[in-house]
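Novice: Line by line, the protein sequences are chains A, B and C. Just so you know, we're using numbering that gives the first Met the number 0 here: the first sequence kicks off at 0 and counts up by one. Just so you know, we're using numbering that gives the first Met the number 0 here: the second sequence kicks off at 0 and counts up by one. Just so you know, we're using numbering that gives the first Met the number 0 here: the third sequence kicks off at 0 and counts up by one.
You may find that some hints are simply not true.
[Claimed, not checked] The calculated label-pair distances, taken between Cβ atoms and stated as ranges, are:
(1) Ser222(B) x Ile35(C): 26 to 36 Å
(2) Ala144(A) x Thr18(C): 49 to 59 Å
(3) Ala177(B) x Arg34(A): 40 to 50 Å
(4) Ala80(C) x Pro34(B): 52 to 62 Å
If you're looking for bench data, these hints aren't it; they were derived computationally from the structure. Note that CB positions come from ideal geometry on N, CA and C, so glycine has one too.
If you want the building blocks of each chain, they are given just below.
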Amino acid sequence: MSALPLVRALRRPESAAAFSPEQWNVLIAMARAERLIGTLALRIGDGAVPGGVRAVLADARLDAEREARQALWEADRAATALAPLGLRVVLLKGTAYAAAGLKAGAGRFIGDLDILVPRDSMDAVEKHLIAAGWEWVKSDPYDDAYYRQWMHELPPLIHRDRDRMIDVHHTVLPLTARQTPDAEAMIADAVPVSDGLYILSSEDRVCHAVAHMLADGDLAGGLRNLWDIYCLLGEADPAALETRAERHGLLPHVRQARRLADALYGEGRTRLTLWDRIVIARLLARDGWGRETRKGLRFAFYLRSHWLRMPPLMLARHLLTKWRKGYRPA
Amino acid sequence: MKHRVTLRIGPATFRIGSAWSGPIGELRRLYADYPAPSDGPADFTVRLEPAGLLRRWLRPSIFITGDHGLADAAPMSLAHSLLAAEMGMNLQMALGWRRHLLLHASSVEKDGRVLLMSGESGSGKSTLAAQLGERGWRLMGDEFALIDLAAGAVLPFPRLVSLKNRAIDVIAADVPAARMGPLLEGTAKGDIRHMRPRADAVARMDEGAPPALLLFPRFGHASAIRPMGQGETFMRLTQASTNYVALGEAAFAALGRFVDEVPAMAMDFPSGDEAIAMVERLWEERA
Amino acid sequence: MTVDQRYCREREGNILSRTLGDIGLLYHRPSGQTHIVISPVPEILEAMEDDSPVSVGDLLQRLSRRFDLGPQETALPKIAAHLADMAALGLIRAVA
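With the rest of the complex left out, here is chain A (with noise of 0.2 Å):
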């Protein structure tokens, strides 16, 4: 069992309406685990499907019409704390989706808010959110230092009356990762949504959700990550979008997600790699009941993505230092 039929009823959702009550809950289960189940309910909306169905459908709208709601109230006030300084601050991931109305952000599970700004205003950010009622999360000195030093972020803050946490970034990727997209020229060609607020342009917001699910990360929520990519593709301009990652340095990265989306999401026409399938299968690795099954090939790309982020005696040191604490992949 893997998780095709959640990649097949998002691509066509009305190959949903004859499944059984048991192919129903394969699908529930696992497009929860995988964070997708309001992007699944807003897919196959209110049609054939059976009662039962249509109800846990309707929550996951709900859920998810809340979470854009919050999400862009998180923006809203953090906008408002930072107006003072007159920065771009551009909204990345989720949030800016919804903020935008884009497609990628109907249904989508939110969390964090993310925003990348100027890295010579990182001090100014800090002191202003700070002000404005944000906490560090209590974090050991290790993680604290780890994260200014080698991270694209300030370490997480936490809002203390609303409890929500934002993440500063001022690059795209850790400084120690191979590939150093030019974040200063994703900030000057952001384009507004909203008072103060900006997101990415078009091709940014692809190069963006590529670097973090191919270079950076060990594709834990890749499928969803993998749908947000297939989803800004549709409005990017493929030939701008090949200078810009070329730009970026990621457009082995940006090809390759091409044809994942392709694979997973769309008509499934190109040509894939041993490497593409080694990561579809990772991508896939999910069970009926939600549970993530080959630990072996998880393992891998977590160890993986350490690797990519960092130089190897950092790596050796910061995972025994994770281990240490009793820290393992999950």
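Place chains B and C on chain A using the hints.
Specialist: For chains B and C alone, coordinates are given in the frame of chain A:
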């Protein structure tokens, strides 16, 4: 998963999968008389998994998860697997139910009207509901009360009653063994024994009724009754609800209406017998 | 925040209100948060009812016509602090 069962409790259907046969067998026995689920899909998937690679065989421990789970939930002993299954279902309801306002409260019905009791665990609300359920009231639920968002009625969620510590002896003495689960000793909450509600409470699990009275019981204090202001009641119930925030505007309207219409009182009581007498007295005064 | 800072009410329909006994409840739609409010928050909102932006000083004058707020130099910072808190919750909006 290797072992599985589908259960319906009130409006919610659960697909429960387990790495072991034990908990599924217990569930089948205790939920045998519950109305069958519809043939549609389940609302929630619950999984009882081995807590580690070797934990299926070696000092087996259960990790409770499902559609909704807590990453840091402590594993439980296989000897407490029935409790694990119940907790797994509760977890799904607490984190995932959206079709009613869910209050952490017990509820019993008489004369077509509902008495709700809310409070922390240890307040005595579950035991009191279980006792009333054996004495002429219909037990609607010992843990969760479901409030209809549009009409304001209380809907039953009559899962197995989870009796704790001293309550076990008090109640089990009058209940036939067929309705009782195994004694689970030394759980995180002490000794626990599950009890199936009476047959009519189970058979009428789809039948709601309007709320008439809300009590905040507190066990272990001298008898006292204090009317509670609407502001305090509202605040306490938002804290007693697991989905108030998730439901947003619908919950704001439903809870406001509930507090507006249902009188609320804090009730301190020294013993179970005294509490039952106090409840019956309050109920008659209200009627 | 100064005495000159001006505020206006949150857009019509973004806040639902309900009175229960002696407390006021406000449901703020954009954030999905419920606020339990007591005096002087309802009074401030009422005094801002005409939708045009109002400064802290103006508002103090309006409120003083109906309530005894004590000497201006102590009342003004209190009102200013209330307004800043209410703006942080989204119940009112600061305008430039």
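Novice: None of the hints should be skipped; say for each whether it holds.
Specialist: Verification of the supplied hints:
1. Look at Ser222(B) against Ile35(C): about 31 Å separates their beta carbons, and that is inside 26 to 36 Å.
2. Checked against the given bound of 49 to 59 Å, the beta carbons of Ala144(A) and Thr18(C), roughly 52 Å apart, stay inside it.
3. Distance hint check for Ala177(B) and Arg34(A): the Cβ-Cβ separation is about 43 Å, which falls inside the suggested range of 40 to 50 Å.
4. Between Ala80(C) and Pro34(B) the beta carbons are some 58 Å apart, a value that agrees with the proposed interval 52 to 62 Å.
Checked against the numbered hints above, the structure breaks none of them.
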